[in-house]
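For reference, the chains in residue letters:
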Amino acid sequence: MKSYRKELWFESRQRRELINITAQVEACLQESGVREGLLLCNAMHITASVFINDDESGLHQDIEKWLERLAPEKPYSQYAHNGFEDNADAHLKRTVMGREAVVAITAGRLDFGPWEKIFYGEFDGGGRKRVLVKIIGE
Amino acid sequence: MKSYRKELWFESRQRRELINITAQVEACLQESGVREGLLLCNAMHITASVFINDDESGLHQDIEKWLERLAPEKPYSQYAHNGFEDNADAHLKRTVMGREAVVAITAGRLDFGPWEKIFYGEFDGGGRKRVLVKIIGE
Amino acid sequence: MKSYRKELWFESRQRRELINITAQVEACLQESGVREGLLLCNAMHITASVFINDDESGLHQDIEKWLERLAPEKPYSQYAHNGFEDNADAHLKRTVMGREAVVAITAGRLDFGPWEKIFYGEFDGGGRKRVLVKIIGE
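Those protein sequences? They're chains A, B and C, same order as listed. Residues are numbered in my numbering as their position in the first sequence, beginning at 1, plus a constant of 127. Residues are numbered in my numbering as their position in the second sequence, beginning at 1, plus a constant of 127. Residues are numbered in my numbering as their position in the third sequence, beginning at 1, plus a constant of 127.
Please keep in mind that the hints were generated in silico from the structure rather than gathered at the bench. Some clues are possibly wrong.
No copy labels: a pair is met if it fits in one copy or bridges any two.
Dumping the calculated SDA-like pairs for lysine to any residue here, alpha-carbon to alpha-carbon at most 20 Å [as the list claims (entries may be wrong)]:
#1 Lys192 / Glu212
#2 Lys244 / Gln188
#3 Lys192 / Tyr203
#4 Lys133 / Pro241
#5 Lys244 / Glu183
#6 Lys192 / Asp213
#7 Lys201 / Gly185
None of these values were measured; they are calculated from a predicted model.
So here's chain A without its partners, still in its complex pose:
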């Protein structure tokens, strides 16, 4: 069994953004040399997500608006978590979008349907943030 680990780092400039990281994850897979196995990709922060969906800007606007409806950022005082922090909404948004994606590896490729792309979802941005890629297989 082979195993491979890499952290992908991102410079986050906005409070919320969705970044297509499919190419970086594929590069990890090539580097790993794994042909058959499983790939785990997860946010290492608890106010961020890794998820799989469509790379379409209209949809990303819809997700932003929808998450703000389900778990609004403001007023900050609505959340018990927001004493010294103001990011309770980001913890909830990350919960909706999910922490991780597990992807099949077949014949050395991410075994995806035609529209599947991997995104890093940042909900409490500012500074350097990271994603873990772990691969096991042969």
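Given chain A, put chains B and C in place with the hints provided.
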């Protein structure tokens, strides 16, 4: 390490439906010959889900009504994604329900609690749709 | 390839509670002897979750309040599932929070960011409940 891959295909007739696919996934496991390992089952479409819950028709009605409240199909014009398409709600519903399930394999069986069943959740139906089953182990 | 399986049991006293199970999951990992691999941790009940977030009591209050807004417990009659049961809301809350977490194992440790902790989320408590830990790797 053994690995196994299969696509399960479904003919979808309604916009939204929940299909119990546990028996097909178990058949994959038997075919794989894997006794100890992990099984990944994921939708290959980004407007569909694979999730684990109870096979109870009342609950499935509740899920339909609940998802329509969280991410209504209509009016289509409420979503930026709905220019040439009308399925933005399906992308959001899939997000709530999840893309994938990862299941333990123990002694050649899906290692489930008493009520766990695997479902394919279709939210933008019509035509042939598919689910990926990937198994690794020994 | 090594594999390891253990059920963790919890005595649940309230209808809803969030229990930090990170130490028990780490103990499983030590017992397994696996140094590189993947760990699956999932609820074996369909009205409960395993998820990763922050161990902060204000946030846990926010999650309780938020889930009650997204999928209220009462009135019980609002759900078709609630004929002989009263736990439809718990099935929906579990859906939001997720069934499982998959965690990378690196150098014999849970490969976590600084604030990641594993929780068991109970939404229909009372009695003994269990979580499955499955580890594969080397």
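Evaluated hints:
In the homo-oligomer, the alpha carbons of Lys192 and Glu212 lie at most 20 Å apart only across protomers (18 Å), although the nearest pairing inside one protomer, at 22 Å, exceeds that limit. In this assembly of identical chains, Lys244 and Gln188 lie within 20 Å of each other by CA distance solely inside one copy; the values are 17 Å within and 30 Å between copies. In the homo-oligomer, the alpha carbons of Lys192 and Tyr203 lie at most 20 Å apart both inside one protomer (17 Å) and across protomers (15 Å), since each shortest distance falls under that limit. In the homo-oligomer, the alpha carbons of Lys133 and Pro241 lie at most 20 Å apart only across protomers (16 Å), although the nearest pairing inside one protomer, at 26 Å, exceeds that limit.
Taking identical chains as interchangeable, the C-alpha atoms of Lys244 and Glu183 lie at most 20 Å apart only when both belong to the same chain, with a minimum of 10 Å there against 32 Å between chains. Both within a single protomer and between protomers do Lys192 and Asp213 lie at most 20 Å apart by alpha-carbon distance, with minima of 19 Å and 17 Å respectively. For the homomeric pair Lys201 and Gly185, the shortest alpha-carbon distance between copies (16 Å) is at most 20 Å, but the shortest distance inside one copy (23 Å) is not.
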